[in-house]
Amino acid sequence: MHDEIPLGRIAGFSVKVHWSVLVILWLFTWSLATTLPGAVKGYAPVAYWLAGAGGAAVLLASLLAHELAHAIVARRCGVPVENVTLWLFGGVTTLGGEAKTPKAAFRIAFAGPATSLALSATFGTLAVALAVIRTPPIVVSVAWWLAGVNLLLGLFNLLPGAPLDGGRLVRAYLWRRHGDIVRAGIGAARAGRVVALVLIALGLAEFVAGGLVGGVWLAFIGWFIFAAAREEETRISTRQLFSGVTVADAMTPSRIPPRMDHRRGIHPALCARRPPLGLPGCRAGRIDHGFGHAEAAARAATRPTRHHQRA
Numbered sequence: 001m002h003d004e005i006p007l008g009r010i011a012g013f014s015v016k017v018h019w020s021v022l023v024i025l026w027l028f029t030w031s032l033a034t035t036l037p038g039a040v041k042g043y044a045p046v047a048y049w050l051a052g053a054g055g056a057a058v059l060l061a062s063l064l065a066h067e068l069a070h071a072i073v074a075r076r077c078g079v080p081v082e083n084v085t086l087w088l089f090g091g092v093t094t095l096g097g098e099a100k101t102p103k104a105a106f107r108i109a110f111a112g113p114a115t116s117l118a119l120s121a122t123f124g125t126l127a128v129a130l131a132v133i134r135t136p137p138i139v140v141s142v143a144w145w146l147a148g149v150n151l152l153l154g155l156f157n158l159l160p161g162a163p164l165d166g167g168r169l170v171r172a173y174l175w176r177r178h179g180d181i182v183r184a185g186i187g188a189a190r191a192g193r194v195v196a197l198v199l200i201a202l203g204l205a206e207f208v209a210g211g212l213v214g215g216v217w218l219a220f221i222g223w224f225i226f227a228a229a230r231e232e233e234t235r236i237s238t239r240q241l242f243s244g245v246t247v248a249d250a251m252t253p254s255r256i257p258p259r260m261d262h263r264r265g266i267h268p269a270l271c272a273r274r275p276p277l278g279l280p281g282c283r284a285g286r287i288d289h290g291f292g293h294a295e296a297a298a299r300a301a302t303r304p305t306r307h308h309q310r311a
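If you read the sequence shown in UniProt numbering, its first letter stands for residue 1, the second for the next number, and so on.
Derived by calculation from the structure, the hints in this document are not laboratory data. Where a beta carbon is used, it is the ideal one built from N, C-alpha and C, also for glycine. Hints should not be assumed to be uniformly reliable.
Said to hold, decoys possible - Ranges of calculated distance between the beta carbons of each label pair, as one might list FRET restraints:
1. Leu202 with Thr34: 16 to 24 Å
2. Trp19 with Ala61: 16 to 24 Å
3. Arg230 with Ser20: 20 to 28 Å
Throw the hints in and build the complete structure from the sequences for me.
Given below as structure tokens:
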């Protein structure tokens, strides 16, 4: 992703926010501000919008906690973490490598949903406590809303298909069962496509039934999951296809006659349809046949010309 705004470091991890977070922040604010009047009456419109904005901000912090849980467990399992980014569909934790074992992969994947479910229980308990001490009903309603959304977030992420956390759990299970991480990854990605199609169908059904906003949003999420699952399957299949292929297997030699000037010889090779990855005749930093030092020859051969500077 691009256009992220760095927030700094939390628990030792680089945290960024994509501009699309403003979209979900507005959607959650609008959703809460328009549903609260039906649950608790007697407040001014501005109170509902302030409560909606506050609830949306706390929910954004809950999403961050979900991703930080992934990052913390990954670090404990010896997997480097590059950054944590919040964006339109929640968040993403970018890891710098793969888990070494299926057990570690399972723990990393489950940490996020477990945190969301724990937050749901926490907000639910808080709502009960606030009601007992006679806190204003609008505050109690926001706490119940946070409990419900975190519950939904945790359960949704447990759906068994990549790129959701549930798909990572399926991948860890298949990896342990078959001992093949590639096969496990492809299986989880295909399961993700099935889950996505179900979500799209449910979204269309809700749209037809009159739930315009909810139906479109659910179908859009399903489309995103389908595209991400297909991309993940392609990436895994491509990696499997090229596993074991060396640079020498892909290299196209371009032989230069001993008496040819190196500028005339190297330039056509670099402009060929399949540019060479190396030139034979190079040994220990020198080009044979009186070409001189390899570094000097490379500088002369790759000096920009008018042709190379054209747009």
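Worksheet item: Taking each numbered hint in turn, which are not upheld by the structure, reported in ascending numerical order?
Response: Every hint satisfied by this model.
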